[in-house]
Amino acid sequence: AQSVTQLGSHVSVSEGALVLLRCNYSSSVPPYLFWYVQYPNQGLQLLLKYTTGATLVKGINGFEAEFKKSETSFHLTKPSAHMSDAAEYFCAVSDPYSSASKIIFGSGTRLSIRP
Amino acid sequence: NAGVTQTPKFRVLKTGQSMTLLCAQDMNHEYMYWYRQDPGMGLRLIHYSVGEGTTAKGEVPDGYNVSRLKKQNFLLGLESAAPSQTSVYFCASSPQGGGYTEAFFGQGTRLTVV
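Chains as they are written, first to last, in the working numbering: chain R, 1 to 115; chain X, 1 to 114.
Only chain X is shown next, with the shape it has when bound in the complex (with noise of 0.2 Å):
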């Protein structure tokens, strides 16, 4: 049993290069989110999507854009990196929104940008 699997784990980037990171789930949620989390911040959300073909902006949105072609994956792009990037970032889905049921994560994507 996969759950929510991230790829890559790892990444090194120069500054202005492009990327996608993916995340799959195979539990048929409707739900997926992306967090980044930085020290002494937390998580903070990124971008969500209710359902396929949907996606919304969340908190820190500027400078990525996602897509949702694939009820089971959730893809975030990062169209020209910055060192302010530099993150782990987190994917992670749920049956429902709004905390009714449990959000399960990915193990993260280490991202440095150079």
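Here chain R stands alone, though its shape is the one from the complex (with noise of 0.2 Å):
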């Protein structure tokens, strides 16, 4: 079974400052990696996903994330945090050879930026 584990519920950086959200999976075969973003009210959108190729990846709003197979871990990152990135962010994880087609969602993490 797949899984998705996200360090830390809450993570809080100054603006400006980088920001590092962890996620790690478990999977038996090579997955397809994602990570959304939830602003508040509001439901998920897409920020990147991994499928194959290029191990890191980019996104919006100058995010992007390196599958690194051997840590299996998706850790997000922005070089300089902007106050409109305030939000919680899921990392999920699929098996594409799976019939089940379900995409499994970490606990998430959320970021608060400081002035």
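Honestly, the hints are just simulated from the structure, not real lab data.
A portion of the hints provided could be inaccurate.
[Said to hold, decoys possible] Below, a list of computed lysine to any residue pairs in the SDA-like style, where the Cα atoms sit at most 25 Å apart:
| hint | chain 1 | residue 1 | chain 2 | residue 2 |
| --- | --- | --- | --- | --- |
| 1 | R | 49 | X | 14 |
| 2 | X | 71 | R | 45 |
| 3 | X | 9 | R | 107 |
| 4 | R | 58 | X | 104 |
| 5 | X | 14 | R | 41 |
| 6 | X | 57 | X | 86 |
| 7 | X | 57 | R | 97 |
| 8 | X | 70 | X | 14 |
| 9 | R | 58 | R | 88 |
| 10 | R | 49 | R | 72 |
| 11 | X | 70 | X | 82 |
| 12 | R | 58 | X | 71 |
| 13 | X | 9 | R | 41 |
| 14 | X | 9 | R | 42 |
| 15 | X | 14 | X | 85 |
| 16 | X | 57 | X | 15 |
| 17 | X | 9 | R | 110 |
| 18 | R | 68 | X | 100 |
| 19 | X | 71 | R | 97 |
A quick note: this is a predicted structure, and the numbers were derived from the prediction, not measured.
If you follow the hints, you should be able to join the two separate chains into one complex; please do so.
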């Protein structure tokens, strides 16, 4: 079975500082990996995803994530935080070979930005 | 372009009452999903559908039923609501399953069972 662990339910950084949100996954097959963002009182929207190929994936709003198979990690980073980045971020995993078609989400990390 | 629309956005139920949450998508997507979101637990899959007329159980299906009579609609029913079903419910759709393509989410339904 697949699973996702997000380290840290709440991360706070200063505006302009590096953002690092951690995600580790468990999967018996090469997974597809995702980061979604949820702004207050809204649904989730896709930030970026890794399927195959280049392990460094760039997404919207200056975010990127690197797939590291040896570490079973898919950490999300942004070089310089902006106030508008304050939101909840979810890492997710799926098994592209499964007929079950499920995407499994982590428990989320709330990102706060200090002025 | 509406995308995924959930109805209603808010609802308060008494224990034992029933209700149906409606999800409608206008993107001709085959796959549809119902998730619940609880603090500290992320999103958990309740039920999903891989096409019109199909449904399947997710991680937490107990106490819920679903139907997909039309491709564009996915209904989530609570036959006898319990306080443990207080949550925010999200519907999502995607053209393909397994994460091949992006899932599009509705804005959520906040349900309180008292």
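Verification of the hints:
no. : hint         : verdict
1   : R/49 / X/14  : violated (40 Å)
2   : X/71 / R/45  : holds (22 Å)
3   : X/9 / R/107  : holds (23 Å)
4   : R/58 / X/104 : holds (19 Å)
5   : X/14 / R/41  : holds (24 Å)
6   : X/57 / X/86  : holds (20 Å)
7   : X/57 / R/97  : holds (18 Å)
8   : X/70 / X/14  : violated (29 Å)
9   : R/58 / R/88  : holds (19 Å)
10  : R/49 / R/72  : holds (15 Å)
11  : X/70 / X/82  : violated (28 Å)
12  : R/58 / X/71  : violated (33 Å)
13  : X/9 / R/41   : holds (10 Å)
14  : X/9 / R/42   : holds (11 Å)
15  : X/14 / X/85  : holds (11 Å)
16  : X/57 / X/15  : holds (24 Å)
17  : X/9 / R/110  : holds (23 Å)
18  : R/68 / X/100 : holds (20 Å)
19  : X/71 / R/97  : holds (24 Å)
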